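Chain A is fixed; fit chain B onto it per the hints.
Here is how the chains run, residue by residue.
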Amino acid sequence: MIEVQALCKRFGGTQALDGASVTVPEGSVYGLVGPNGAGKSTLIRHITGVYRADRGQVLVEGENVYENPEKKALVAAIPDEWFYFPSATVRDMMRFYRGFYPAFDRDRYERFKEVFDIPEKAVIRRLSKGMQKQAAFWLTMCCRPKYLVLDEPVDGLDPVMRRQVWSLMMSDVAEYGTTVLVSSHNLRELEDVCDHVGIMSRGKVLLERSLSDLQENIVKLQVVWPSAEVPVLPADLPLLHTSHVGRVYTYIVRGSAGAVSRRMEECRPLMLEALPLSLEEIFIYELGGEHYAVKEIVL
Amino acid sequence: MSWEVSTMPSKRSFCNLTLLRKNLARFWPLWGGAALAGALLPLWLLLNLSKYGAGHVDGVEFAHALYTVAVRVAPAVCFVYAILCAMMVWSYLFSPRAVGLMHALPIDRTCLFLTNALSGLAMLLIPYATTGTLVCLIALCWGFLHIGAALETAALIILISLIFFGMATFCAMITGNAFAMPAFYLLLNFLFPALEMLVGSISQLFLVGVTSQYMGTLECLSPLLMLYSGMDTYVEDGAAVLLGAPVAAAYGLVGIALLAASFVIYRLRRSECAGDVVAFRWLRPVFRYGVALAFALTLGWFLYEIIWDSLFQRGSYADFVPMAVCMAFTGVIGYYVASMLLEKSLRVFRRSWPGVLTVCAGVVILCGCMRFDVLGMESRVPRQEDVAQVTVSYGGRDITADAGDAGIVSKVLALHKAVASDADYIRDRERYEANGYLHLRYYDSDGDTLLYRSYRLPVSEERMETPGTYEYLLRQLLLDPQVMLSQVELPRGSQILEASVDDYGTGSYANCSEQEAQAIYQAILQDAGEGNLYGIETIRSGQGYPAAVHIRAIVDDGYDVDNQSIYLELAPTMTHTMDALLDAGLLSAEAVAAWDRELGGTAYGTVSA
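Here the protein sequences come in this chain order: A and B. Counting from 1, one number per residue, gives the positions in the first sequence under the working numbering. Counting from 1, one number per residue, gives the positions in the second sequence under the working numbering.
Only chain B is shown next, with the shape it has when bound in the complex:
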């Protein structure tokens, strides 16, 4: 036998068919099972068509159904299924014995990576291809196949598969441990939204007005969430519409970039890291301090809540030192847990003091940054030019102002500034002296929330009269007739349907005709124009009203019918409204007398007289 013959130099290969076949043969239960599960869909479709015929199905409905699968089902299925496929094809990287065989084979890392990536993608897409082909064949036979929608759906599914398989492959490349891979995958998908929520929640404990409400600022870093929020489908003008295809395309490109990055990492990766939690030495501190931070933010907060908050905390806001201690303590625990995982040993305590000190210092600095508002979250007030709309809610008075209502927006911003500048004052008094919640929400021109703040405000009578205080500005805002009008004005073209009165005391409910409702609405507008709606004093007193007036209307723009309503506590000062209600027979003298008795005065009686 001649060596020269058997080992003749061959052309460089980028895919090894033996390995590809072996992968598909080894893991057939996974993709075969998925294909079988997917085949239930065409089976169901076939049975339905056999029973009911195709009379009620057309191309548009078929296209909409395909888009719905791509938009609503595919992201979640791909998210789970991609990690399973990736875990299968990259499983050899987690076992020293297996990696010893695969890397000793006469193929280079490039060919090995490309073949395995191709195997994984094939396993990922075969079930979709099977299901899609069967569904399209059935649709073709029944005459409602929409080829364009089918191709678009196939493209979307490929793009969605690419991003999740890319992420899963990237995770496989940075770890040598089979258990760490899915953990990293989850982390990569949800790390940033989770961090946003955690930091928001802890900031809320320290900062006046800041809420833990999820804003989705970093949602683009979570493909699963972004695919669900960025894609949609509906039927309009007799055609199925697909929204958000560019989102899927962008993530598909990210998936390709991640696969490229994984390829580079794979070539750098050393075989001996099989079994290690992280595959590269430079990732070890990232992992160690990352776990410490996660422990500090989650368990530290939990520890503070169960020990300090319930037993020792005096005000509404967290105490800095105990919180920092809890976070440092749990951060150190996280540091040691990560060290144990990295070293695969429990003996990690020797010479660990620099790391422990770093964790403690880092956590205390982080906690301090949140408490002392280094990012200026507490004092942040949007610029007027950035605000497209603002909504204010205080004690049942709900105000909405668009950028066009520059005067109102400017007053809201001035109020917000005053509140923010009095943060320490509010922090000291909020727990015992607060009288009502002030919610401020700003929207940008895209309709996204720009900023949301929620304050529990102490309101003092003295400060209500002092110009510049937030109480004074709030009072002025609530008394502003323009504000009152904006609160009760219905959109142009509204058709008022009915008016009613809810009597809280008796639980009785009365409504009237459309014409009378129109008169009541005009009376409400008149009251608002004269500044007769209730103001801050009423809210501060905490005195409720015995009844509310409710106007219901619709706006029909020819395409869509929008419901509108006004729900307003009936204050004694709303004289025009009271008169209109009496005229319409929605109020009786007995009811008014009963309200006066309830309030211990003659406010309503005076009006009715």
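With the rest of the complex left out, here is chain A:
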């Protein structure tokens, strides 16, 4: 398990992390989402032991990961900008990684040659951005990490390769119990793979839950009222957003679909339908309250 406890980090005059706390359960696929500048990459660099925290701590299996080679050996990461030595080939980098990660799987490296169609002896610098990303996945997954930390991992990959990569990771999760922490803007993609989600904004983790909890705790209601006049809704209904097209009103309400629907029924609508929210919608509505620049126009 990865536990980030009240992590604070300041860069000059900018508070990048302001008491962020995250718990990534063992064997989970944890999606870290948030707007630009929320602190996701900074948090990930703490988890990989690159940054030293100003305050708070990052624990991997109960031990501080900073300056802890044993715990760092369990974690492999693909940062947003993967570094390779300027004249290195994939094979060179493989030898380099193999020297550091005790669980490096050479057989797997050989098997993945067929998955990733990259010339092993080509200089990485000369490969396309997408191929470089593939090389990063190839090598990182061969490290057989217990914790795989990915920052914007599939940027630059074509749809087929994205699917391929996710499939490989999911099979690792299923087969070896690998824990994946992934930060991404591609919420639709995360929705398909994540079982836990943390939403970050301004250096804080606003909420983190399992995806099912999250989806059960917020509901979209489409309501048609009998007359043009909209009845007064219950004052204690935690309404996050309202919009309408003609007489069809859409309400985003915090709470379970059943409970919220029952409260709404009290106002005697002509028609009422509860719809699940996508992760993207949850992300937008949750951050709307944080003064995030999501305007009406988005809806």
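Warning: the hint list may mix true and false statements.
Said to hold, decoys possible - Simulated DEER-style distance windows between Cβ atoms:
| no. | chain 1 | residue 1 | chain 2 | residue 2 | range |
| --- | --- | --- | --- | --- | --- |
| 1 | A | Glu280 | B | Ala261 | 47 to 55 Å |
| 2 | B | Cys15 | A | Cys8 | 28 to 36 Å |
| 3 | B | Ser379 | A | Glu67 | 52 to 60 Å |
| 4 | B | Gly148 | A | Glu67 | 39 to 47 Å |
| 5 | B | Ala261 | A | Ser21 | 31 to 39 Å |
| 6 | B | Cys15 | A | Arg111 | 26 to 34 Å |
Unchecked claim - Lysine-lysine pairs mimicking DSSO-like chemistry, simulated, CA-CA at most 27 Å apart:
| no. | chain 1 | residue 1 | chain 2 | residue 2 |
| --- | --- | --- | --- | --- |
| 7 | A | Lys113 | A | Lys129 |
| 8 | B | Lys22 | A | Lys121 |
| 9 | B | Lys22 | A | Lys129 |
| 10 | B | Lys22 | A | Lys113 |
I should point out that these hints are in silico values taken from the structure, not numbers from a laboratory. Predicted model, so just to flag it, every value in this text is computed and none were measured. For every residue, glycine included, the Cβ atom is placed at its ideal position computed from N, Cα and C.
Same frame as chain A, now just chain B:
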């Protein structure tokens, strides 16, 4: 697969072989190229030996050649090559992406630092090892290998490499910028001698007698300069001698201390400082105000010279207010330049007024300290007990007195005090009324310069007669027979070879036999003993003499032959010398008459008559 197996706790490692191999493999063009260049030396040696044989080379000559490489070549080569090696192995610290990879690897900072430092040192020493091994093998084959010298040379090179690699590593640790690292390295090596020269040069503009002459007071803080001045080699009594090995050893220890300090800094250093000019927040004001000071001292002085000195300055010395303004102006520019480098932005002007005020105040205070001589440089006169030797030079009269000549030394010190106390008087008149330069140089018991002052003195006739004035004391000093004797006496055991007369008017030159030269020398001694050499009046008048007498001698102490000479302007008052020159036939009545005509009197004629 079991995690427990693959991640079993391992013993703590201080060196990672993968990283070491990777470093050596990545940067092989650097150390390989250096090794190849170094291999030219044994190749050259081999070709020479093949052509000429080893008959003219022996172990002593080989040892001397090795020492020469260590003393003359290694410091400069290490100075340049160490920074290149350090820049290679620490290059990841300057890129956020690279530092992200290296610091995410499952090794701790201790292992990372030690492995990289070891890689750098290996890259630094491999070319020397290659060259040295090949040279020694050749020497062994030809039978002139000197194992002791080879080991000493190897030790010296390791020590020299340690200091420069230590300094370069230290610089890498305090910056996150690849361009700043070599700049800091140069600064660390030459900052203090450069500051000494700058402060000396600017003080010279304000202070009477103070010169910008480099004294090397802080040279020990510049390893490159100190290694060159502190180490030497020569052959004596059929053996090669190496001097200054303790200097190299001391710097080697400093190098190790710097590596230790770098290790501590590396552990404190934050990964996110990659790309920053300085790696620590507490260094930012040091950098900002340091650059401001450098700008103030260099560009401020330059600005003053091109604007004020050439157009508005009246006296010989700099005007305080314009100099302070120039220095404050350029200091502020330096402050903003440093701020822009630190912030990586041109927008550094908002809320910068406290810093600007600090720079202005600091520069004005510094300038004021130099102008008003807070350190007492202008009035500084050494204590007599500290002076092992003093040399005085004024208008061609060169006097040297050792500590044993307490009377003369005391008179020189009294003169110096009088000059120093009249600094304001000299400052006001120097530009238009000065008549000659007075140079004073004091040496300590180690033969190092204790103090050097050079004055351009105005000399008034009235003050020459007033006891206590520097003119009076200078006149008395120059007239002192003991001083005159000390000026012309040759060392004991000197063998006089010849005497000659240079006639400036005709350009003619005449010399005489050894015996006649001996007689002329005795006549000069007699003149000096009677106080007949020229004095301050002659120098003040600016009237030159038409001829000079020159005695050449040697001192042979059985080991070394030292040349000695006396070169003395021939004053009319030197009657005994004139007579001796006439007797030796070095002077003719026609020449004397011509001199009188030139001087418009009969001074020489009176003598010759």
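Which numbered hints are broken by the structure, listed smallest first? none
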